[in-house]
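Visitor: Throw the hints in and build the complete structure from the sequences for me.
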Amino acid sequence: MLKILLSGVFISTAAYSQWISGFYAAQNGVEPIANIAWSKYTHVIHFAAAPNSNGTVNLWYLTQAEINAFRSRPAGKKVLVCIKDNDSNLKAFTSATSGPKIASFVNNIVNFVNTNGYDGVDIDWEANVNINQYKNLISRLRAAMPNKIITMDAGDWGGLNTVAAASQSMLDQINVLCFDMDNGANCNGLDCTWHNDALFQAGQTDKRTCSAPRVSTFTSAGVSKSKIGIGVPFYGRRRPGTTQEEVVGQFPLITVYYRDLATDLSRFQPAYMQYDAGFQAQYLSVIPLNEFISFNGTRSMSDIANYRKSQGFGGLMTFTMDEEYISGQTGDAAYPLSTALYNATFGTPGP
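Be aware that the sequence shown starts at 1248, since it is given in the numbering used here, and climbs by one per residue.
Treat the hints loosely; a few may be bogus.
[As the list claims (entries may be wrong)] Within a straight-line C-alpha distance of at most 25 Å, the following computed SDA-like cross-link-like pairs (lysine to any residue) qualify: (1) 1556 x 1491; (2) 1382 x 1303; (3) 1338 x 1315; (4) 1472 x 1452; (5) 1324 x 1359; (6) 1331 x 1375.
[Claimed, not checked] If you anchor each label on the Cβ, the simulated ranges turn out as follows: (7) 1577 x 1379: 20 to 30 Å; (8) 1523 x 1318: 13 to 23 Å; (9) 1390 x 1535: 52 to 62 Å.
For the record, the hints were derived by calculation from the structure and aren't laboratory data.
Cβ atoms here follow ideal geometry from the backbone N, Cα and C, with glycine treated the same way.
Guide: This is the structure:
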């Protein structure tokens, strides 16, 4: 059987010719680590620690008890720690990666990864990005951890495409965040009801979608498709006041987790389910409640997996696994989206 070397670990190409990385939100209170759908994922990203401005690593959402629990992961499964923006100081990354501090910051990350038994690190620097300092951070991390997995999360803002293009040889995954595209102007410069994660523009270039401009920003910058992962949200948006997409106006935006939506019998009914074949987006048109709900269901998982395959992208990423987890179900029924995504990608039950 053919095997390849990925970040110092030999992996069978029959099982992992592409990745599915799932974010696990620390202290989510819903899905225990023991209940993770390990068979549906190649990598789990523990979300999240954060930088301090002095270059130290803050546990942030993480707890030592959870970190220790991940040591009992199934054989062959990789667990990374995510280091995200410090919400209390959105310039902490910039400070920690500055000239006087970056060597210490990198050393602190390496120690955090090794001491806590992680297989690598995921960097989620989205705010106040300093392109040169970000590139330097990745370069130093790779030099310090030649056999660890290093990934980054990115969107079409802040020069993240430039960082990804320059650093791709040192990164194992560049996961593009195909969500939160329903904020702002999506109807010829006007605010309107739109999808959290529409896949295609369908000829309407005013629309923000996964394929464009989110992912195309990276391919146009020269990022290899084999390094790109398509990020999938396990949460949607509920907008009271209308029942359709592309309705001009400002409507309340309420985030809803798939686990809650799928068990909401007043909304999640076949009569309300709609599908836009052009945009490849699922939504609910809940007429009795006068609501438009954008969400990703099992059909979206198939669409996204087919998009990845047809374009030759390296993998997929989900955010976050607990947001789909239906605790009242057992087996694959507890993970309907992860199961659908895995089966559409690999075509078989989990390894």
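Visitor: State for each hint whether it applies.
Guide: To see whether the hints hold, each was checked on the structure:
no. : hint                    : result
1   : 1556 x 1491             : violated, 30 Å
2   : 1382 x 1303             : holds, 19 Å
3   : 1338 x 1315             : violated, 30 Å
4   : 1472 x 1452             : holds, 22 Å
5   : 1324 x 1359             : holds, 19 Å
6   : 1331 x 1375             : holds, 12 Å
7   : 1577 x 1379: 20 to 30 Å : violated, 50 Å
8   : 1523 x 1318: 13 to 23 Å : violated, 44 Å
9   : 1390 x 1535: 52 to 62 Å : holds, 59 Å
The structure does not agree with the numbered hints 1, 3, 7, 8 stated previously, though it agrees with the rest.
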